[in-house]
Amino acid sequence: MLLSLDAYHWCAVTTVSIGLWGLFYISGWFRIWNLELQDCLVLGFYFVAAADELASER
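First residue of the sequence shown? That's 434 in my numbering, and the numbers climb one at a time after it.
Possibly wrong hints are sitting among the right ones.
For each label pair, taking beta carbons as the anchor points, the in silico distance ranges come out as [what the hints assert, rightly or not]:
1) 440 to 461: 32 to 42 Å
2) 488 to 452: 14 to 24 Å
3) 440 to 483: 12 to 22 Å
4) 467 to 439: 31 to 41 Å
5) 452 to 486: 11 to 21 Å
6) 489 to 459: 30 to 40 Å
Hints listed in this document are in silico derivations from the structure and should not be mistaken for laboratory results.
Owing to the predicted nature of the structure, the values given are computational and were not obtained by experimental measurement.
Ideal Cβ positions, reconstructed from N, Cα and C, are used throughout, including at glycine.
Using the sequences plus the hints, can you model the full thing?
In structure tokens, the structure reads:
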């Protein structure tokens with residue numbers, strides 16, 4: 434499933450993941466939850482997948 438994403442979805446996953454990582458890093462959650470960049474990539478993938486699922490239902 435992850436490999437079947439097109440360039441638009443890869444761009445969205447990357448942007449959301451880096452944004453989440455930056456938000457967590459600035460807010461201090463990065464140190465509290467011991468998050469790493471790959472954890473944010475997984476979170477970003479799920480956020481984009483959920484948004485895509487919601488958009489396809491409309």
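(Q) Hints numbered earlier in the text: which of these fail when held up against the supplied structure? (A) Result: no hint breaks.
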